[in-house]
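Asker: Protein sequences appear in the order of chains A and B.
The first sequence finishes on residue 194 if you use our numbering, and the numbering steps up by one all the way, no holes.
The second sequence finishes on residue 1507 if you use our numbering, and the numbering steps up by one all the way, no holes.
Keep in mind the hints are simulated off the structure, nothing from the lab.
Errors might be hidden in some of the hints.
Said to hold, decoys possible - Cut-off 30 Å, straight-line C-alpha distance, at most; resulting in silico cross-link-like pairs (DSS-like, lysine-lysine):
#1 B:LYS1465 <-> A:LYS150
#2 A:LYS150 <-> B:LYS1480
#3 B:LYS1480 <-> B:LYS1465
#4 A:LYS126 <-> B:LYS1480
#5 A:LYS96 <-> B:LYS1480
#6 B:LYS1465 <-> A:LYS96
#7 A:LYS150 <-> A:LYS126
#8 B:LYS1465 <-> A:LYS126
What the hints assert, rightly or not - Pair ranges (Cβ atoms, derived):
#9 B:ARG1451 <-> A:GLY127: 20 to 30 Å
#10 B:SER1439 <-> A:GLU103: 17 to 27 Å
#11 B:LEU1457 <-> A:HIS146: 20 to 30 Å
#12 A:ILE53 <-> B:LEU1457: 29 to 39 Å
#13 B:ASN1450 <-> A:GLU103: 19 to 29 Å
#14 B:PRO1456 <-> A:ASP169: 39 to 49 Å
#15 B:ARG1481 <-> A:GLY127: 24 to 34 Å
#16 A:GLY80 <-> B:ALA1444: 14 to 24 Å
#17 B:ASN1450 <-> A:ALA65: 19 to 29 Å
#18 B:GLU1441 <-> A:GLN95: 36 to 46 Å
#19 B:GLN1448 <-> A:GLY127: 21 to 31 Å
A quick note: this is a predicted structure, and the numbers were derived from the prediction, not measured.
Beta carbons are placed, not taken as given, at the ideal position from N, Cα and C, and that holds for glycine.
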Amino acid sequence: MSNKHDAQDFDIQVKLAIYRHFAATGVRPGLAETAASLGAAHAEIQDAFRRLFQKRVLVLEEDGESIRMAPPFSGIPTQHRVRAKGISYYANCAWDALGIPAALHEPAKIESRCEQSREPLEIAVSLDGPAPVACVIHFAVPAARWWEDIVYT
Amino acid sequence: MLFFRSEERVAEWCQENRTPQRPLVSLSQLWKLAVAWYSNRLSADAKRPSPAEMREIFTGIGLTGPFWDPESRG
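Work the whole structure out from these sequences, hints included.
Answerer: Right, dumping it as structure tokens:
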């Protein structure tokens, strides 16, 4: 990468490739897939993943290269499943479960649960928002501390 | 951020998990947060809201106080 400006442009391309892959498939892309889609070297993509992690665009797993979160998408299965346009996605939390239809601009069905009773909870989301459902959302962590442990948050 | 069927279920969960009970958010408020955060996430110019923008979004849907201040030291 020749300079900081080029790196920023490249990081935007990598970010878009990641998000488009999630949106099209429901699953996280790997380094190799991202490199192939952009015609870039593996090491360049790995560096971009790390920069995006530092900028809080992505959350990586301990291996430093697998995407744990590209909010609102989750790279691993969670209790928050979202179905839209025939594709199944996983969200990181209640907020992100609604974030997926908001990001896709598509109607969706959320399949989650009451965290205490474990009762299934389904929410139909149209382009105008969720249909009324008896539920509340609890934020356990204050906004100033969300990124101290974003996976728990 | 977790879903619960009711405020009573939240209270039970907080007690069992020894977690302080925090402010609750309604589904319609959460949708507004989701739209504010993610509606342009798939575009090239997407960016996370700044602390000032976060405050404005929270205040606009009735979420106020130190808990919702991204720069609170409280």
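Asker: Against this structure, judge whether each hint is valid.
Answerer: How the hints compare with the structure:
no.	hint	result
1	B:LYS1465 <-> A:LYS150	holds (17 Å)
2	A:LYS150 <-> B:LYS1480	holds (26 Å)
3	B:LYS1480 <-> B:LYS1465	holds (17 Å)
4	A:LYS126 <-> B:LYS1480	holds (25 Å)
5	A:LYS96 <-> B:LYS1480	holds (10 Å)
6	B:LYS1465 <-> A:LYS96	holds (24 Å)
7	A:LYS150 <-> A:LYS126	holds (10 Å)
8	B:LYS1465 <-> A:LYS126	holds (22 Å)
9	B:ARG1451 <-> A:GLY127: 20 to 30 Å	violated (42 Å)
10	B:SER1439 <-> A:GLU103: 17 to 27 Å	violated (37 Å)
11	B:LEU1457 <-> A:HIS146: 20 to 30 Å	holds (28 Å)
12	A:ILE53 <-> B:LEU1457: 29 to 39 Å	holds (37 Å)
13	B:ASN1450 <-> A:GLU103: 19 to 29 Å	holds (25 Å)
14	B:PRO1456 <-> A:ASP169: 39 to 49 Å	violated (25 Å)
15	B:ARG1481 <-> A:GLY127: 24 to 34 Å	holds (29 Å)
16	A:GLY80 <-> B:ALA1444: 14 to 24 Å	violated (54 Å)
17	B:ASN1450 <-> A:ALA65: 19 to 29 Å	violated (37 Å)
18	B:GLU1441 <-> A:GLN95: 36 to 46 Å	holds (42 Å)
19	B:GLN1448 <-> A:GLY127: 21 to 31 Å	violated (41 Å)
Violated hints for the displayed structure, listed by number in ascending order: 9, 10, 14, 16, 17, 19.
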